[in-house]
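Enquirer: As a plain string of letters, each chain reads:
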Amino acid sequence: MDPEIFEMENADIAWCPGCGDFLILKALKQALADLELGPEKLVLVSGIGQAGKLPHYLKSNIFNGLHGRSLSPATGIKVSNPDMVVIDVSGDGCMYGEGGNHFMHTIRRNPDITNIVLNNMVYGLTKGQASPTSQKDFETPFQVDGVFEEPFNPLAVAITLGASFVARTFAADIPHTVEVLKKAIQHKGYSLVDIFQPCVTFNKVNTFSWFKEHTYRMDDTHNPYLKIEALKRALEGNDGEGKFPLGIFYIKMGQKTFEENLSVYKKDKTPLFQRKVDKKKLKTLIDSKRSL
Amino acid sequence: MLVKPMSKIKLEEDVSLVLCGEAGQGIQSVENIMVQALKMGGYHVFSTKEYMSRVRGGQNSTQIRASSKRVKAYRDRIDILVALSKGAIPHLEKRITGNTLILGDEEVLQDLDENHYNLLKAPFISKAKKLGGLIFSNVIAAGALSCIMGVDKDIFDELITLLFASKGEKILEKDLKAGVSGYDIGKKLLDSGRISIKIEKNPAISNEILINGTQAVGSGCISGGCKFISAYPMTPSSPLQVFMAENASEFEMVFEQAEDEIAALNMALGASYAGARAMTATSGSGFALMQEAVGLAGMIETPVVIYIAQRPGPAVGLPTRTAQEDLNLALYSGPGEFPRIIFAPGNFKDALELSHKSFNLADKYQIPVFILSDQYLADIYYNLPSLDIENLDVEDYLVETEADYKRYLLTPDGISPRGIPGHGKGLVCADSDEHDEEGHITEDLDLRTLMVDKRLKKMDKIRKEAVPGEFFSTLNSSQYKTLIMGWGSTYWPLKEALVEMDNDDLALLHLKQLYPLSSQVGELIKKAKKSVMFENNAQGQMAHLLQMETGLKIDHKVLKYNGMPFSVEEILIVLETLEEE
Chain A
1 MDPEIFEMEN ADIAWCPGCG DFLILKALKQ ALADLELGPE KLVLVSGIGQ AGKLPHYLKS
61 NIFNGLHGRS LSPATGIKVS NPDMVVIDVS GDGCMYGEGG NHFMHTIRRN PDITNIVLNN
121 MVYGLTKGQA SPTSQKDFET PFQVDGVFEE PFNPLAVAIT LGASFVARTF AADIPHTVEV
181 LKKAIQHKGY SLVDIFQPCV TFNKVNTFSW FKEHTYRMDD THNPYLKIEA LKRALEGNDG
241 EGKFPLGIFY IKMGQKTFEE NLSVYKKDKT PLFQRKVDKK KLKTLIDSKR SL
Chain B
1001 MLVKPMSKIK LEEDVSLVLC GEAGQGIQSV ENIMVQALKM GGYHVFSTKE YMSRVRGGQN
1061 STQIRASSKR VKAYRDRIDI LVALSKGAIP HLEKRITGNT LILGDEEVLQ DLDENHYNLL
1121 KAPFISKAKK LGGLIFSNVI AAGALSCIMG VDKDIFDELI TLLFASKGEK ILEKDLKAGV
1181 SGYDIGKKLL DSGRISIKIE KNPAISNEIL INGTQAVGSG CISGGCKFIS AYPMTPSSPL
1241 QVFMAENASE FEMVFEQAED EIAALNMALG ASYAGARAMT ATSGSGFALM QEAVGLAGMI
1301 ETPVVIYIAQ RPGPAVGLPT RTAQEDLNLA LYSGPGEFPR IIFAPGNFKD ALELSHKSFN
1361 LADKYQIPVF ILSDQYLADI YYNLPSLDIE NLDVEDYLVE TEADYKRYLL TPDGISPRGI
1421 PGHGKGLVCA DSDEHDEEGH ITEDLDLRTL MVDKRLKKMD KIRKEAVPGE FFSTLNSSQY
1481 KTLIMGWGST YWPLKEALVE MDNDDLALLH LKQLYPLSSQ VGELIKKAKK SVMFENNAQG
1541 QMAHLLQMET GLKIDHKVLK YNGMPFSVEE ILIVLETLEE E
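These protein sequence lines are chains A and B, in that order. Everything in the first sequence is counted per the working numbering, starting at 1 for the first residue and increasing by one. Everything in the second sequence is counted per the working numbering, starting at 1001 for the first residue and increasing by one.
Extracted from the complex, chain A is given alone in its bound form (with noise of 0.2 Å):
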C-alpha cells in the first residue's frame, strides 16, 4: 500500500516547520501502508494539543476528543467494534499530565489498541510551560526557577503496570520508528510507544542533537520478555545519568486483552451496533418478578 493513501489534502497544517510530529506523522503513515490497514479500518484518536492535532492530517476515520480523556474513548470504540484498528495519538502532557489516571488503567484494562505518545518534554500548543516528562532545572514562562520535580517516568510505569507492550523511538529515526510502531500495532493488546520528538520552538533544550547525544538504540542484548531487564532499562537516561534506551522493551505475552475478557465476545464477535434487543428475554426478565 501507498503512504499516499493517507494524504490529507488540503489539510491546514498547525505545527511550527521543522518539528519532529512531521517526522512521526510520516513514520505512522508507512507503518499503516506496509501493514495494509486502509483508512476506512482505522480510527485514530486524540486529545488537545499539538500532537492531538495529528489525526486531523491522516486520513482515517477520527475521535478528536477532549485533553487527556482520548485513552477512553478509544476504550470504548476498540470494545463496540473489535474489528476497527484503534490508535491514540497524544502528546506528554496530555497523556502523562491531564490524562495520567486514565493512562495507567488502561494499560491495566488491556485493551487492543496502541498508544503513540508525541513526547518533546514541553506544552507546545499553550506555550512553552514544563510538562511532565520535562527534565529538571528546565526554565520556562512558569517555572521561572527551573523545574525541580522529577520527571515522569511513563516507561517504567508501564511496564510496572504490566503493560503488554513498551517501547520507545526517536522521531529523526524515521526507519526504526516504522518499524517499532508496526510491531506494537500488530501486538495483540495495549501497545505503548513514546516517541522523543523535539520542539523547535519552545523546548530549545531538549533539541534534535541533544536527544541524539542522549539516546542510544538497544541491541539484541536486550530481552524484551523479562519485566525486570526492561525496567533496568526503562530507569536509564532518568536523573542526567547516562543516556535514554530506544527500541521494545517490554513485551507481555499471553494476556488477555479486555475485548476477549468480555462475555459479550466469548461466542460471537460481531461489533455491538449490530446487536439487537431480544424481547423475549426482556419479557421473561420482568416475568421472572412474578415469582420468588
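Simulated from the structure, these hints should not be mistaken for lab results. A virtual CB, placed ideally from N, CA and C, is assigned to each residue, including glycine. Warning: the hint list may mix true and false statements.
[As the list claims (entries may be wrong)] In silico lysine-lysine, DSBU-like type, Cα no more than 30 Å apart, as pairs: (1) 1130(B) / 1167(B); (2) 1530(B) / 1481(B); (3) 279(A) / 1461(B); (4) 243(A) / 182(A); (5) 269(A) / 281(A); (6) 41(A) / 269(A); (7) 26(A) / 1425(B); (8) 1364(B) / 1049(B); (9) 289(A) / 1069(B); (10) 1153(B) / 289(A); (11) 276(A) / 1049(B); (12) 1049(B) / 289(A); (13) 212(A) / 252(A); (14) 1069(B) / 283(A); (15) 1425(B) / 276(A); (16) 1527(B) / 1560(B); (17) 1364(B) / 269(A); (18) 280(A) / 1349(B).
[What the hints assert, rightly or not] Just so you have them, the derived chain B footprint on chain A, three or more residues with Cβ under 8 Å: (19) 57-69; (20) 93-106.
Fit chain B to the known structure of chain A by using the hints.
Expert: Relative to the frame of chain A, chain B by itself:
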C-alpha cells in the same frame, strides 16, 4: 401524647409496618423478605428504606405498607413498629403516635414510659441469641410480622430458603428455625388480643410483578437498545450499575467499572461514536466530574444517556438520602451551548418508557439525554400487574456511509445523517474543536456560527415532541382552581394525597419531561388561579426552570431538603392549608 397502656390496634384496609435497627442487623433482608411474603400472601405492597451511610451501628429503617388497595407512596404513619435496637424509638420519635404499636424485646422497651407509648413485648433479640446470634433477629421479626399478617408459613419458608441457601446449609437451617421462632412470637402477639388486622387479600396479586424503581429504569435501558455502560460506583446510582452488570451477558451488553466518572462518560462516548447505544450512571459529585464530557457529547453530536440518581449535596452531602437538587446541574452541565433533554420519571411505567425513549431520542437528535431519578425512586418497591414492553422498539437512525460522507453535513433541521466507523465507505470524523462539515478543525468564524446554529436548531423538533406532563383531577374536570405540581419521584405521594383530598378544586400536573417543557404545561398553569410546586430542594429549581421556559411564576413553592421524601401526610397538611386560604 398520652396513650392508654395496653391499648389495642385495629387495622383495616391498609397497614404501615416499620422495622428499625442498627446497620448490620439485616434490616435490608427483612425488607426483601417482607415485601415478597406479603405480595405472595395476596396483599398490595410498597416499601421504602432510609439508611445511614455506615456499615455498622446507627439506625436504619424500612417502611412496608400492605393493603387491599394499591399503595405506592411513603407515609409518616407507623401502625406497627418493630424495634430491634434501643435507638429505634428516638430515631423515629416524630413518626410514633399513640396509635403506633411498638414491638420489641424487654431490653429495648424497658426504659420507655407505658403512658406515652403503646408497647408490646416480643423476644426477637433474646430468641436470636439462643439461636446463635443477634443476626437472626431480622428473620425472627419478619416471621412474626408474616404470621400477624396471615402469610402462609410455607411461602415464608420458601423465601428464606431462596434468600439464604447460598450461605450454606448450617446458616439456612438456623434461619429456617428463626422463622419458626418468629411465627411462634406472631401467634402469641395475636393471642394477646392487642392486634387485630382485617385487610382483604386477593390471591391474584401473588402473580403480579414486584420490582423497584431501579429495575424499571434498567428494563427501559435494555429495551432502548443499551449495549454499553461504563460507570463508577456511587450511591444511589450503584443499584442500576449492578442491574446492568448482572444482565450484561444475557442482553449482550458491555459493562465496565471505569477508573473515575470522567473516564466513564468519555468511554461511553467512544462506544457511541462506534455505534453502540451507550450510557453511564452516576450521582451528585460523580456527575459533576462528568460535565466536561457532557460538553463533548454536545460538540461531537454523539448520543449518550446519563442516569443521575440524585442525593443531597453539595459535595458528599448525605450519601444515602434522597433529593431533587441536581436539576440545575444537569440543565447547565458542560461548557458552551447545545441541545439536551431531561426526563424525570415518577412511577415505574414512566421509568421504563422514558428510559427506553431516552435512547431513541439520544440517537435521533445525537444529543445527551438525562434520566433524573433519586434515592427514593431508585429504592422503592411496589407490585404492579406488569411492565408492557410490546410497543417499545429500537428506532434505528444510523446510516451506512457513502465515500463522500460528511459527519456534520449542514441540513435544514440541524440533524446530520449519523454514520459510524466501519459501516459504509465513508470516513467518520468527530472533533471536540469547532469543526467543518467533515469534522475537521476550523477557525472559520462564519462556519462557527453556522455550526452553533445547526446544533441548536435541533431544539425546535425536540421541543415539538416534548412529553406532556400527567394531568390528574379527581373528577377529571378541567375546572380546577389550584394546580398542584411536582416532578420525578414526588408522583405517588402527590397522587395519593390528591385522591385522599377528593376535592374538585384541586388538580395535579406531574412533570416527567423537565427540559424542554411541553407547551401543555403553560396552558394548564394559566387555567389555574393558584399554582403550587413540590420539590425536594431548597431553591425551587423546577419552578425557576418553568418560569424561564413559560414566563409563568409559580405561586407557592413547597420545598423539602432534609434528605427524606415528601410523605403523603405532609402533602395533605399543605393541601388542607391551601384550601383554607
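Enquirer: So, against the hints stated earlier in the document, which numbers end up violated here?
Expert: 8 and 11
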